[in-house]
Amino acid sequence: MSSHPGSRAEHALALAVEAGRELGLRADRPRVLHDVFSVLVHLAPEPVVVRVPALAVGTAAELRERQQRELAVTGWLADTGFPVVGPSPLVPREPVGAGGTSLTFWEYVTEIEPLRDLLQGDPGTLTDRFTEQTGWTAELHAALAHYPGELPVLSPLVPAIGLALAELRSEPQALTPADLDRADREYTVLEALVAEFPARFPQARLQSLHGDSPAYNLLRTADGHRFADFEDVTVGPVEWDLTFTGPRAIEVYERASGTRVDRTLLDLMEGARLLQGLSALTVVPKVPELGPMLAPLIDQWRARKPLELHHRKSS
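Residue numbering for the sequence shown follows the working numbering, starting at 825 and increasing by one per position.
Some hints here could point you the wrong way.
To be verified - Ranges between beta-carbon positions, derived for each pair:
id, residue 1, residue 2, range
1, Thr934, Phe1068, 26 to 34 Å
2, Leu1121, Ala885, 24 to 32 Å
3, Pro1001, Asp1047, 51 to 59 Å
4, Leu1121, Arg1009, 17 to 25 Å
5, Pro1001, Leu914, 16 to 24 Å
6, Pro1116, Arg953, 21 to 29 Å
7, Pro1071, His1049, 47 to 55 Å
8, Gln1124, Gly973, 29 to 37 Å
9, Pro1071, Ala1127, 18 to 26 Å
10, His1049, Thr883, 29 to 37 Å
11, Glu1075, Arg853, 43 to 51 Å
12, Asp1047, Ala998, 17 to 25 Å
13, Ala884, Pro1001, 27 to 35 Å
I should point out that these hints are in silico values taken from the structure, not numbers from a laboratory.
Source: prediction; values computed, not measured.
C-beta atoms are modelled at their ideal positions from N, C-alpha and C, and glycine is treated no differently.
Using the sequences and the hints given, assemble the complete structure.
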């Protein structure tokens, strides 16, 4: 797939249309809705959106496994009546192979008050919105706590970050040798955390999670809000889903959920989230414009105290 954004989107659109028509869907007026790490294609006039992984990391088998987990979790949530953008009911709930990758098919919903409009406006309005949506995350966690399927523990961290760091050793992008050494040490910390989580944080709530900041992955529609983009669905502490939402949002979440957020664990998860952000540097050769966007994140990671673990006894 070409690295040029235009050709990438065109190729994704062609794949989506071909796969959709093979499944019996009309695609008379297809249009690209979004094009970053994935390309979203609306197969108009059908109420179906196809997600084409434009910049997937890992093998085709690993991608398919992640997609199948996402379809299973969102399908289960939709079946219970929880507000999510669910799998399209017009096709089977499974990834569809096409062009050397695999695609997933989703409900089409009409978004109102899109986030991109707020990004250009008053920062206070944006903060208020994320604070409210963090409160809604408590509802999502309450629902996901009952998910009956099996999921890996903190899979967006281990082994995903380790694979990315290995790739960055040969193409470090903006990272120095010292940066890479530190990142490797921090990844070792995360490996230990995942392997020994109950011993390290015995009071933590380990449960099924959205996996990728649900307060930021939510659509507002005329019928209410819907959570979306469960590509990183995993098991972990709720603090992983609450990273970088801010103190006021955390307080709102605590009131809504009736439970306390562990600030020490939240801080550790925020360090892990920054290290995960470095993984996106592996995509820069294909999407050069992403490099400048990641520069502030790299600076934030460098300025932060390196990740470390301490044993904590249960009270």
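Do the hints match the structure? See the list:
| no. | hint | result |
| --- | --- | --- |
| 1 | Thr934 / Phe1068: 26 to 34 Å | 28 Å, holds |
| 2 | Leu1121 / Ala885: 24 to 32 Å | 29 Å, holds |
| 3 | Pro1001 / Asp1047: 51 to 59 Å | 52 Å, holds |
| 4 | Leu1121 / Arg1009: 17 to 25 Å | 19 Å, holds |
| 5 | Pro1001 / Leu914: 16 to 24 Å | 51 Å, violated |
| 6 | Pro1116 / Arg953: 21 to 29 Å | 26 Å, holds |
| 7 | Pro1071 / His1049: 47 to 55 Å | 23 Å, violated |
| 8 | Gln1124 / Gly973: 29 to 37 Å | 35 Å, holds |
| 9 | Pro1071 / Ala1127: 18 to 26 Å | 19 Å, holds |
| 10 | His1049 / Thr883: 29 to 37 Å | 34 Å, holds |
| 11 | Glu1075 / Arg853: 43 to 51 Å | 46 Å, holds |
| 12 | Asp1047 / Ala998: 17 to 25 Å | 43 Å, violated |
| 13 | Ala884 / Pro1001: 27 to 35 Å | 32 Å, holds |
Figure legend: structure checked against the earlier numbered hints; hints not met, in rising order: 5, 7 and 12.
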